[in-house]
Every structure is written in structure tokens, then in C-alpha cells.
Amino acid sequence: MREYAFFLGCIAPNRYPGAESASYRTAEKLGIKLLDLEGASCCPAPGAFGSIDLDIWYAMAARNLVLAEQMKKDIALICNGCYKSIWEVNHKLKHHPELKERVNEVLKGIDMEFKGTIDVWHLAELFYDPEIVGVQKIRDSVKVSMEGTRIAVHYGCHLMKPRKERHFGTTEHPTWMEEMVAALGAEPVEYRNKMLCCGAGGGVRGYDIVHSLDITNEKLINLKEARVDALTEVCPFCQLQFDRGQIEIEEKFGVKYNLPVLHYCELLGLAQGMSPQELALDLHGISCEPFLQKVL
Amino acid sequence: MAEKKMKKETASKKKEAKTEKTKAAPAAKSALAPMTDAKNARVGVFICHCGTNIAGSVDIKAVEEYARSLPGVAFAANYQYVCSTPGQKIITDAINEHNLTGTVVAACSPRLHEPTFRMATKMGGLNPFRFEMANIREQGAWVHMHDREGATEKAKDAIRIAVAKASLLQDLIPKSVPVEKAAMVVGAGIAGMQAALDLANAGIKTYLIEKSPTIGGRMSQLDKTFPTLDCSQCILTPKMVDVGRAENIELMTYTEVESVEGYIGNFDVTLRRKPRGVLTPAEAEARGLVGGGCNGCGDCEPVCPVIKPNLFEMGMKPRKAIYIYHPQVVPLIYTVDFDSCIKCGLCVTACGEKKAIDLEAKDEFVKVKVGTAILALGYDMFPIEKKEEWGYQKYENVVNSLEFERLICASGPTGGHMVRPSDGVTPKKVAFLLCAGSRDNTGVGKPYCSRFCCMYSLKHAHQLIEKIPGVQPYIFYMDIRSFGKMYEEFYYRIQDEGARFIRGRVANILEDPDTKNLIIMADDTLLDRPMKLEVDMVVLAAAVQPSSDTDRTRKLFGVSCSLDGWLLEAHPKLNPCGTTTAGVYIAGVCQGPKDIPDTVSSAEGAASAASIPIHMGEVELEPYFAQCIEEKCAGCGMCVNLCPYQALALVEKDGRKVMEVTEAKCKGCGTCGGFCPGGAIWMQHFATPQIIAQIDAFLLGGAK
Chain A
1 MREYAFFLGC IAPNRYPGAE SASYRTAEKL GIKLLDLEGA SCCPAPGAFG
51 SIDLDIWYAM AARNLVLAEQ MKKDIALICN GCYKSIWEVN HKLKHHPELK
101 ERVNEVLKGI DMEFKGTIDV WHLAELFYDP EIVGVQKIRD SVKVSMEGTR
151 IAVHYGCHLM KPRKERHFGT TEHPTWMEEM VAALGAEPVE YRNKMLCCGA
201 GGGVRGYDIV HSLDITNEKL INLKEARVDA LTEVCPFCQL QFDRGQIEIE
251 EKFGVKYNLP VLHYCELLGL AQGMSPQELA LDLHGISCEP FLQKVL
Chain B
1 MAEKKMKKET ASKKKEAKTE KTKAAPAAKS ALAPMTDAKN ARVGVFICHC
51 GTNIAGSVDI KAVEEYARSL PGVAFAANYQ YVCSTPGQKI ITDAINEHNL
101 TGTVVAACSP RLHEPTFRMA TKMGGLNPFR FEMANIREQG AWVHMHDREG
151 ATEKAKDAIR IAVAKASLLQ DLIPKSVPVE KAAMVVGAGI AGMQAALDLA
201 NAGIKTYLIE KSPTIGGRMS QLDKTFPTLD CSQCILTPKM VDVGRAENIE
251 LMTYTEVESV EGYIGNFDVT LRRKPRGVLT PAEAEARGLV GGGCNGCGDC
301 EPVCPVIKPN LFEMGMKPRK AIYIYHPQVV PLIYTVDFDS CIKCGLCVTA
351 CGEKKAIDLE AKDEFVKVKV GTAILALGYD MFPIEKKEEW GYQKYENVVN
401 SLEFERLICA SGPTGGHMVR PSDGVTPKKV AFLLCAGSRD NTGVGKPYCS
451 RFCCMYSLKH AHQLIEKIPG VQPYIFYMDI RSFGKMYEEF YYRIQDEGAR
501 FIRGRVANIL EDPDTKNLII MADDTLLDRP MKLEVDMVVL AAAVQPSSDT
551 DRTRKLFGVS CSLDGWLLEA HPKLNPCGTT TAGVYIAGVC QGPKDIPDTV
601 SSAEGAASAA SIPIHMGEVE LEPYFAQCIE EKCAGCGMCV NLCPYQALAL
651 VEKDGRKVME VTEAKCKGCG TCGGFCPGGA IWMQHFATPQ IIAQIDAFLL
701 GGAK
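Order-wise, the sequence lines are chains A and B.
Going by my numbering, the final residue of the first sequence carries number 296, and the count climbs one at a time with no gaps.
Going by my numbering, the final residue of the second sequence carries number 704, and the count climbs one at a time with no gaps.
Hint data in this document are derived by calculation from the structure and do not stem from the laboratory.
Note that the coordinates shown come from a computational prediction; the quantities given were computed from them, not determined experimentally.
It is possible that part of the hints are untrue.
List time: in silico SDA-like cross-link candidates among lysine to any residue, alpha-carbon distance up to 20 Å [said to hold, decoys possible]: (1) B:532 / A:170; (2) A:224 / B:516; (3) B:516 / A:193; (4) A:92 / B:440; (5) B:532 / A:222; (6) B:446 / A:222; (7) B:394 / A:191; (8) B:516 / A:218; (9) B:386 / A:170; (10) B:274 / B:291; (11) B:386 / A:188; (12) B:532 / A:188; (13) A:224 / B:369; (14) A:161 / B:386; (15) B:446 / A:207; (16) A:164 / B:441; (17) B:516 / A:191; (18) B:532 / A:163; (19) B:394 / A:192; (20) A:161 / B:441; (21) B:394 / A:215; (22) A:164 / B:448; (23) B:394 / A:170; (24) B:394 / A:188; (25) A:161 / B:514; (26) A:164 / B:440; (27) B:394 / A:226; (28) A:164 / B:442; (29) B:446 / A:162; (30) B:653 / A:162; (31) A:161 / B:254; (32) A:164 / B:439.
Pair by pair, the computed Cβ-Cβ distance ranges are [claimed, not checked]: (33) B:361 / A:148: 56 to 64 Å; (34) B:563 / A:169: 16 to 24 Å; (35) A:95 / B:515: 57 to 65 Å; (36) B:515 / A:3: 27 to 35 Å; (37) A:31 / B:563: 41 to 49 Å; (38) A:72 / B:526: 48 to 56 Å; (39) A:113 / B:638: 53 to 61 Å.
In this text, a Cβ means the ideal position worked out from N, Cα and C, and glycines have one as well.
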């Protein structure tokens with residue numbers, strides 16, 4: 001069994017604990033053991049910290065990386081915001097010796113040193129990678145088929161872009177997550193402007209909530225047009241924006257969508273036989289009931 | 001006059017003196033040109049400031065002092081610009097005054113001024129090959145601009161190495177070879193056609209090779225040309241007809257270059273004539289079918305049951321398995337597409353007595369000999385579907401500019417009625433995206449400017465306004481580059497006609513699934529705000545890239561390319577049509593994006609350059625040949641098989657076998673010289689003792 005240091009992030013454990021528990025359990029069924037990364041802090045949030053002081057962002061992310069280096073394990077994580085911070089800072093420090101030196105100067109204060117000995121992975125990419133898990137293994141692990149449901153995918157910006165600093169190839173029209181949705185028996189659905197932002201990232205949600213919800217609303221219109229039963233994503237912050245954002249949209253714009261939003265790990269948990277209670281789906285802002293009735 | 005005579009006298013005296021000295025050289029080299037004995041070498045070193053190019057980061061004085069201290073150096077000087085007339089005079093004077101046996105100029109790259117200084121050395125009365133260059137600019141001052149100490153030390157190293165070689169240089173005599181009075185032009189677009197016509201009109205037999213079934217190239221696909229708005233076909237077809245008729249042009253369409261051997265003046269080119277399946281009248285006559293062969297009547301086409309997309313129409317019109325691209329093709333001979341032909345034979349029956357169709361045709365190989373060659377390989381459109389955000393090939397109403405040209409062309413698939421692909425409706429709002437895949441540093445597109453897209457997109461906007469009442473063209477641009485004669489005026493004209501210009505790159509295009517209209521998301525950088533615009537149709541002014549065959553063909557002719565794949569000229573400013581392979585020239589877009597006027601100019605330039613060696617009748621080859629030291633040669637023949645240029649052979653001499661070099665074929669690559677187990681091969685100008693002296697000079701600080 002492959003072992004990874006599991007970087008939890010903030011939103012999953014605090015807002016969607018089901019995504020957290022689902023990650024441990026689904027990964028284990030697919031041959032990945034997620035180990036606790038003790039002492040980890042916030043990633044820190046790339047938009048909020050990065051846009052104010054990059055050096056703080058580098059140093060805090062580097063501290064989290066060093067914790068995993070000390071465990072001698074690669075990091076796995078389940079949030080695109082964390083991915084941007086942890087993956088990108090790791091990448092930058094490995095490739096820019098001057099920056100590494102500067103960051104290590106800061107880390108010296110807490111007796112740490114960034115060495116650049118580990119890699120960082122999004123759990124979703126480990127799931128997709130045929131050398132590690134692969135779509136076939138996911139398909140084999142399904143106990144409750146999602147046949148008859150229409151599910152749309154939101155990739156999230158920080159996972160895929162900037163293109164030059166990622167390794168996913170196409171960023172304009174990826175389909176690998178759709179393959180993972182199809183592996184659960186569901187029908188992956190195309191919709192207009194799939195790669196549009198959820199509206200939350202980059203500090204937009206904190207700075208201008210109406211503008212932020214306007215973007216979310218446009219995505220929801222496009223999703224409604226495609227008649228989907230649920231939306232899945234791999235980022236708790238996107239999840240928060242789509243899920244609790246629907247309540248805010250109803251308050252501010254008076255439009256109701258009632259679209260269930262599930263992290264891919266939650267979806268996979270359901271398919272592997274976890275109960276809605278185990279996945280804490282009742283803590284979602286928008287009820288997953290209509291979707292659950294189709295599945296269970 | 002008197003002065004010159006004197007110089008000559010001293011020079012010849014010196015030569016005599018040298019020959020005497022070298023008589024003492026090892027007997028093994030007796031057959032070869034005399035080599036200076038390092039002990040008697042008197043080398044002059046001339047250090048160039050190149051303005052501040054070198055002097056800015058190299059301590060010239062220190063370098064000169066150092067040069068003067070080297071063994072074998074009899075004279076050292078420095079000058080602002082050694083390549084200038086007074087600079088060259090310093091060299092010629094010093095050769096005479098100091099009785100020099102060799103010269104070293106420490107300056108720029110030998111690719112720039114080696115010929116200049118060889119000439120100066122010759123003017124001073126020495127053999128020009130007694131000159132050696134030390135590159136202290138490109139490989140010194142420029143790359144160590146901020147390290148004066150390091151650059152100075154490196155310059156000293158370079159000079160020490162050059163002096164070591166110059167002390168051992170030989171007199172060499174270049175060889176003249178006759179030049180075949182024929183030329184070849186590869187590619188028969190407007191560049192190739194123009195070059196071939198110029199060569200033919202200058203009295204030179206010219207083979208014009210085209211891989212497609214017809215000549216005309218990209219220009220024949222265009223509707224109108226900017227800024228004059230004359231019809232592209234109307235100005236092109238007379239030239240096509242001229243090419244077809246010219247006595248001196250041997251036109252070979254549907255033909256590719258298979259292999260190239262030889263060198264300037266004597267290229268042996270093997271051509272592959274792809275099986276066309278249809279005989280020309282001449283070919284038919286050769287087979288005894290007098291009056292037969294294809295006359296272009298087209299009887300074969302309607303009966304053919306196979307339908308394929310016509311690539312000339314960008315796949316927007318069907319053609320049969322036996323086809324011509326369009327009615328004005330030259331030569332007017334049909335072609336069988338053997339990849340899709342089912343050999344039903346209906347066309348053969350329809351052709352009847354003319355017996356033009358031969359469904360069993362095979363590749364034919366033809367050999368021709370030419371003195372010079374011009375590559376005019378043209379361009380392809382960049383596969384703009386790679387820029388996925390614009391949805392080309394995903395959304396029906398997103399087309400590229402070449403497709404637009406066909407859609408608006410009277411002879412195109414819609415007869416010139418501008419309609420959009422999804423529903424055949426005339427578009428009222430059309431957006432043009434400039435720099436689509438050009439000036440693109442994302443790693444997906446091309447970093448360079450494709451240069452003519454601004455202008456043809458302006459022309460497209462004009463054509464729409466002219467043809468469709470009430471139409472609104474929108475032009476999304478980064479900068480409008482209206483660089484040519486009357487181009488800026490044309491730009492203003494299109495502005496006045498009502499085209500809207502939005503400065504900003506389009507981020508994303510979405511399709512309305514019901515109407516198939518397109519929603520453009522862009523950033524208007526002049527108003528500094530994001531914008532959304534719904535249009536009926538989008539035209540992507542896609543980047544251009546070297547045509548698919550370019551890489552294969554350039555390698556056959558030994559031509560280099562730059563990072564972006566365009567063929568590399570000998571000098572970007574002063575020799576734009578030449579290449580680093582003597583006798584091979586480049587014309588048109590294959591050298592870099594060009595509009596039609598620039599393409600024609602470059603073609604005429606290439607034709608002029610390619611005709612010079614032919615008219616001179618002979619060319620001098622640099623004398624870097626391998627030489628056999630017969631006393632040492634064991635006649636094993638290993639080198640004969642190693643030679644990549646078939647320049648070596650074993651011959652009988654005095655009852656034993658020895659190697660012999662065909663000097664004109666030898667490129668001086670040194671493969672044989674490096675291998676020969678007996679050390680019996682002497683590489684002129686790169687001889688083993690010379691190279692060893694250079695290595696010693698570098699590692700040991702100079703021969704003592």
C-alpha cells in the first residue's frame with residue numbers, strides 16, 4: 001500500500017467533514033494509505049496570503065512541506081487552493097535556488113530546512129493515474145452504481161492553471177475527471193463554459209461577494225441548462241461556493257437552484273457503499289436528498 | 001605602382017625562403033603543401049576593439065601585451081575596427097615590414113569577417129590560408145559582458161590557441177570546379193514560380209519541382225490581395241501560364257525531392273514522381289499513343305464513385321478520387337488519388353480513346369544535375385484547434401482565415417456567397433481574432449509575429465462590408481502592423497468603412513447551443529474592462545508555420561533552420577537569400593512569414609543569387625580536402641566506406657593500392673582523417689599537428 005502524508009487543509013475538516021472522512025476511506029480501498037500530517041497549518045490560502053505578502057505565503061507553505069519531508073512521504077491533498085500553495089511553492093523552491101535560500105533563512109528560526117525531497121499530489125490525480133490507481137480500479141471498487149444519474153464536473157482553476165506551471169496538458173477542455181465520474185456508473189455531462197471559475201478563488205469572495213456570486217450564478221445557469229442531478233468537484237472551497245453560495249444567491253438574487261454539490265471523494269464514498277451519515281451529507285447547505293433517492 | 005611591385009617582390013622572396021625551410025620537413029609530407037616550421041614562425045596578431053563591442057569588456061592593451069609575449073609572435077597591434085580599410089592596411093603593411101609567415105585577427109566570428117582578413121593577408125603577399133581568426137567577440141566580450149577580467153583572460157586564451165595554429169599553417173590553393181548550367185527550384189507557389197521564371201528568363205535551364213498536382217501554392221487559394229484588392233487568381237494565373245509555357249522551365253508537378261548528392265555547381269538530385277495515374281500528352285506519345293493523354297476534358301470525373309474532401313477548398317467542397325483542384329490548374333492534367341481509388345475502372349472507360357489513365361502507375365525516379373538550387377517551401381496554417389479556448393473544430397461557426405478566403409471567393413465552395421457553416425445563413429456580425437496562435441508565449445502557439453494576418457484581416461473586413469449590407473465586422477487585435485507601402489492608408493480606410501477595432505486578446509469563446517452563435521469574452525484593454533460580445537461567426541487569423549515537408553527537404557539540402565523551424569539564411573540582413581550550404585538559396589515564406597510583395601522580392605533575390613555561380617561558369621571550393629600520405633597508406637580501404645560523401649576510392653599506384661581523394665567531393669569533415677589507423681590522411685587546414693598545437697596551447701599554455 002502506498003503511503004502519503006495527508007494535508008487536510010482548512011475548509012474540508014471545518015465545513016465538509018464528510019469529504020475528509022471519505023478521502024481516508026476511499027483511498028484505502030484503492031490502495032492508498034493517507035497518514036496524518038501532524039502539526040500542519042493552513043496551506044496558507046493562496047489568494048488571501050499570496051496577494052498580500054508572497055514571502056509569508058512561501059514560508060508557511062514551506063513549513064508544511066518540511067513536515068512531510070521529515071516523514072519522508074509525498075503529500076496528498078484534496079483541495080485546489082492547498083494544491084496551488086503546496087504544489088506550487090514546492091515547485092518554485094525546487095527550481096529557484098535563490099528563493100529557497102531566502103525561505104530557508106526564515107525557516108531557520110524554527111529549526112527547519114526545506115530540502116526539496118518530496119512531491120505533492122492532488123488525491124484526484126493519484127486516483128486517475130493508472131500507475132497508482134486508475135479508472136479501472138475505481139470502477140472495480142463500486143458497490144452502489146450511480147447509473148441513471150447525470151453528473152457535471154467542475155475542475156477548479158488552481159488545479160489546472162496557470163497551464164505553464166502545471167502538468168495536466170490541456171487546460172481548456174480536460175475530460176479526465178469525467179472519466180472518473182463515468183467509472184461510478186453515472187453519466188458525465190458537458191455544459192457551457194465548463195472551465196469558468198466558481199467565483200470564490202483569488203480573494204474575490206472575500207473582497208466582493210456580489211461579484212463573486214454573479215460568477216457562481218452564471219455557472220449554475222449553465223448547469224441547470226444541462227439538466228444535471230449533481231455537481232462534483234475536487235476543491236472544498238469551490239464546494240463551499242457552489243453549495244452555500246446557492247443559499248446566498250437565493251437571498252441576494254431570489255433564484256433557487258437546489259443543485260446538490262459533492263466532493264469527488266464523497267461521491268466515490270457513496271459508490272463504495274459509505275452511508276450518507278458517514279459522509280455527513282446532512283451538513284451540506286443544499287440537500288443531497290433528491291440525488292440520493294436516485295442513487296440509493 | 002612601384003610600391004606594389006616592390007611588395008610582390010618581397011613576398012615572392014619570402015615564399016622562396018619558406019620553401020627552402022620546409023624542405024627539411026618530414027619526408028612523409030613531401031607531396032603536400034609546405035607547412036611552416038613553428039620555430040621559424042613569425043605571426044602577426046591584430047586585436048580589434050570593434051568600437052566598444054570588444055573594448056567595452058576586454059582590456060585590449062593587456063591582451064596586446066600578452067600576445068606580444070607569445071612564442072612565434074613577431075608583431076602585435078590593436079585598432080578600432082580592423083575590418084575597415086585602414087585596419088586592413090595595418091595587416092598588409094605588417095606582413096611586409098615584419099616579414100610575417102602568418103596572421104591572427106582577434107575580433108568577431110569567422111563567419112562574419114574571415115573572407116575580409118584572408119583577402120588582407122593575400123594583399124600583403126601571403127597565402128590567404130595563412131590566416132587564423134580568434135573569436136573574442138561572440139564567444140568572448142558579448143557573453144561575458146559583465147566580467148571584464150574573465151573576458152580578458154578568455155581573449156588571451158583564444159589568441160594563444162590561434163597563434164599556435166597560425167604558426168603551423170600551410171599554403172593552400174583553392175580548387176575551381178565547373179558549374180552545371182541548370183538550376184532547381186523546389187516548391188511552385190508564387191515564390192518558386194517567380195524564381196523559376198527569373199532563372200529561365202536569364203537563360204538558365206530550370207527544374208521546377210512541386211509536390212501538389214498543380215502549381216500556384218497558397219496564393220491561388222486567396223480571393224483578393226491587400227491593399228490593392230486585385231483578384232489573386234487574376235494576377236497569378238498569367239504567371240502560372242508563363243511557367244507552363246516557358247521553354248527553359250521543366251515543370252515537374254506531383255514530384256518530391258528524394259535525395260541530393262554533390263556540392264555547389266554539381267548537385268545530383270533524385271526526384272520521386274508520385275504515381276499520378278494519368279498520362280500527359282507527351283507521356284502518352286512516348287508510349288506510342290499519338291494524340292492520346294489527358295486533355296483536361298473532365299469526362300473521367302463524373303463517373304468516379306469515390307467522394308473525398310477537396311483540400312484546396314480546405315475540405316469544404318467534395319472531389320472525386322480522380323480530380324483537379326480547380327479549373328485553372330497548371331498543368332491541366334487530372335490526378336488519381338490512389339489512397340482512395342477503388343480501381344473500378346469506370347474512369348478508364350470514360351476516358352476512351354485518349355487512353356490517358358493508367359491505374360497501375362508506380363513511383364518513378366528521375367535524376368537531374370543542377371548547379372544551384374532554391375528552396376521555396378512555403379507555409380501551412382498553424383493547427384489553431386490547439387488553442388482550445390477559441391473552439392476551432394468544436395464550434396461550427398469558428399473558421400480560420402484560409403477557410404474564410406475560400407468562403408468569400410467567387411470560385412469557392414459557395415460561389416462567393418458569404419455564409420456561415422452551421423446553417424448557410426449570411427452572417428451579420430463577424431469577429432476577427434488577430435494574433436491567433438502568433439505572438440503567443442503560452443507554449444501552445446508560436447512566439448513570432450506571422451506578419452501578414454493584420455493586413456489580410458483588414459481586407460476580410462472590407463470584403464464583408466462590400467458584400468453584405470449592414471454587416472458589422474469586429475477586429476480583436478494586439479497591435480495593427482500595417483508595415484508596407486499603402487498599408488497604413490488601407491488601415492484608415494477600413495476604419496472609415498466602419499469596422500470596429502477592439503484592442504485585446506480574446507480569452508474564451510462560447511457557443512449558444514440553439515442558435516450556434518458565438519459569445520466572445522475578451523478584455524478591452526483600451527477601456528480597461530472585460531467585455532462580452534455575441535456574433536454570428538468568428539474568423540481566426542491563425543499563425544503560419546513551415547509547411548509539413550520543410551524539415552525533410554531542408555535536411556536533404558543541408559540547410560539549417562532556426563528554433564521556430566523557418567529556414568536559416570546565411571545572414572539575416574546582408575545575405576537573406578543564401579544559406580550556409582553553398583549553392584542552396586531560400587525564397588519566400590519558408591525563410592519567415594512574408595506577404596506577397598516581400599515573397600516575390602525575396603524570390604527575385606534568390607534567383608539572382610542562384611544565377612551568379614551558373615553565369616560565372618565555375619566556383620572556387622575551400623581547399624579543406626583530405627590528402628593521402630601515400631608512403632604511409634596501407635591500402636586497407638577502411639576510410640572509403642566511412643566517407644559520408646563518397647569522396648574516397650582505392651587506386652593502383654606503383655603496384656600497390658592507395659587511397660585517392662576526389663577533392664571536389666570532399667567536404668573536409670575529417671571522418672577519415674580521425675579514423676585512419678596508419679595516420680596516413682592529412683586534413684588540410686585542420687591537420688593533426690595543427691590541432692595538437694591548439695590543444696597544447698590551451699592546456700599547457702603554449703608550445704615552448
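Tested hints:
Between residue 532 of chain B and residue 170 of chain A the alpha-carbon distance is near 24 Å, which puts this suggested pair outside the 20 Å criterion. Of the pairs offered as hints, the one joining residue 224 of chain A and residue 516 of chain B holds, with about 19 Å between alpha carbons and a cut-off of 20 Å not exceeded. Only pairs whose Cα atoms come within 20 Å are accepted, and residue 516 of chain B paired with residue 193 of chain A is accepted, the gap being roughly 14 Å. Proposed proximity of residue 92 of chain A and residue 440 of chain B is contradicted: the alpha carbons are some 23 Å apart, above 20 Å.
Straight-line distance between C-alpha atoms of residue 532 of chain B and residue 222 of chain A comes to about 16 Å, which keeps the hinted pair within the 20 Å bound. Restraint check for residue 446 of chain B and residue 222 of chain A: not satisfied, since their Cα atoms lie roughly 33 Å apart, outside the 20 Å limit. Between residue 394 of chain B and residue 191 of chain A, the direct Cα distance comes to roughly 14 Å. Compliance with the 20 Å bound is thereby established for this hinted pair. The suggested pairing of residue 516 of chain B with residue 218 of chain A holds, with an alpha-carbon distance near 19 Å, which does not exceed 20 Å.
With a C-alpha separation of about 9 Å, the suggested pairing of residue 386 of chain B with residue 170 of chain A holds against the 20 Å cut-off. With a C-alpha separation of about 24 Å, the suggested pair residue 274 of chain B and residue 291 of chain B falls outside the 20 Å cut-off, and the hint is violated. A threshold of 20 Å between alpha carbons decides the hint, and for residue 386 of chain B with residue 188 of chain A the separation of about 23 Å lies outside it, so the pair is violated. Pair hint residue 532 of chain B plus residue 188 of chain A does not hold up; C-alpha atoms about 28 Å apart against a cutoff of 20 Å.
Between the alpha carbons of residue 224 of chain A and residue 369 of chain B the distance comes to roughly 70 Å, so the proposed pair goes past 20 Å and is violated. At roughly 16 Å between alpha-carbon atoms, residue 161 of chain A and residue 386 of chain B fall within 20 Å of each other, so this suggested pair holds. Distance hint between residue 446 of chain B and residue 207 of chain A is unfulfilled; the C-alpha atoms sit about 37 Å from each other, more than 20 Å. Taking the CA atoms of residue 164 of chain A and residue 441 of chain B, the gap is near 10 Å; set against the 20 Å cutoff, the hint holds.
This hinted pair checks out: residue 516 of chain B and residue 191 of chain A have alpha carbons roughly 15 Å apart, not beyond 20 Å. Between residue 532 of chain B and residue 163 of chain A the alpha-carbon distance is near 24 Å, which puts this suggested pair outside the 20 Å criterion. Taking the CA atoms of residue 394 of chain B and residue 192 of chain A, the gap is near 12 Å; set against the 20 Å cutoff, the hint holds. Taken as a hint, the residue 161 of chain A and residue 441 of chain B pair is honoured in the structure, with Cα atoms around 15 Å apart against an allowance of 20 Å.
For the given pair, residue 394 of chain B sits about 24 Å from residue 215 of chain A by alpha-carbon distance, which is inconsistent with the 20 Å threshold. With a CA separation close to 18 Å, the supplied pair residue 164 of chain A and residue 448 of chain B stays within the 20 Å bound. The hinted pair formed by residue 394 of chain B and residue 170 of chain A meets the criterion: a straight-line CA distance of about 15 Å does not exceed 20 Å. At most 20 Å may separate the alpha-carbon atoms for a hinted pair to count; residue 394 of chain B and residue 188 of chain A meet this at roughly 18 Å.
Under the criterion of a C-alpha separation no larger than 20 Å, the hint pairing residue 161 of chain A with residue 514 of chain B is inconsistent with the structure, at around 30 Å. Of the supplied pair hints, the one linking residue 164 of chain A and residue 440 of chain B holds, its CA atoms being roughly 13 Å apart against a limit of 20 Å. With a C-alpha separation of about 18 Å, the suggested pair residue 394 of chain B and residue 226 of chain A falls inside the 20 Å cut-off, and the hint holds. Between residue 164 of chain A and residue 442 of chain B the CA atoms are separated by roughly 7 Å; this keeps the pair inside 20 Å, and the hint holds.
For the proposed pair residue 446 of chain B and residue 162 of chain A, the alpha carbon gap of about 18 Å is at most 20 Å, so the pair holds. Of the supplied pair hints, the one linking residue 653 of chain B and residue 162 of chain A is violated, its CA atoms being roughly 72 Å apart against a limit of 20 Å. Using a Cα cut-off of 20 Å, the hinted pair residue 161 of chain A and residue 254 of chain B is violated, with the two alpha carbons roughly 46 Å apart. Of the supplied pair hints, the one linking residue 164 of chain A and residue 439 of chain B holds, its CA atoms being roughly 16 Å apart against a limit of 20 Å.
Here the CB-CB span from residue 361 of chain B to residue 148 of chain A is close to 58 Å, well matched to the stated 56 to 64 Å. For residue 563 of chain B paired with residue 169 of chain A, a C-beta distance near 22 Å keeps the hint of 16 to 24 Å intact. Separated by about 47 Å at the C-beta atoms, residue 95 of chain A and residue 515 of chain B break the suggested range of 57 to 65 Å. For residue 515 of chain B and residue 3 of chain A, the hinted distance range of 27 to 35 Å is not satisfied, since their beta carbons lie about 53 Å from each other.
Separation of residue 31 of chain A from residue 563 of chain B is about 44 Å and conforms to the stated range, judged on CB atoms against 41 to 49 Å. For residue 72 of chain A and residue 526 of chain B, the hinted distance range of 48 to 56 Å is satisfied, since their beta carbons lie about 54 Å from each other. Take residue 113 of chain A and residue 638 of chain B: their Cβ atoms lie about 58 Å apart, and the range 53 to 61 Å holds.
Hint violations for this structure: numbers 1, 4, 6, 10, 11, 12, 13, 15, 18, 21, 25, 30, 31, 35, 36, all remaining hints satisfied.
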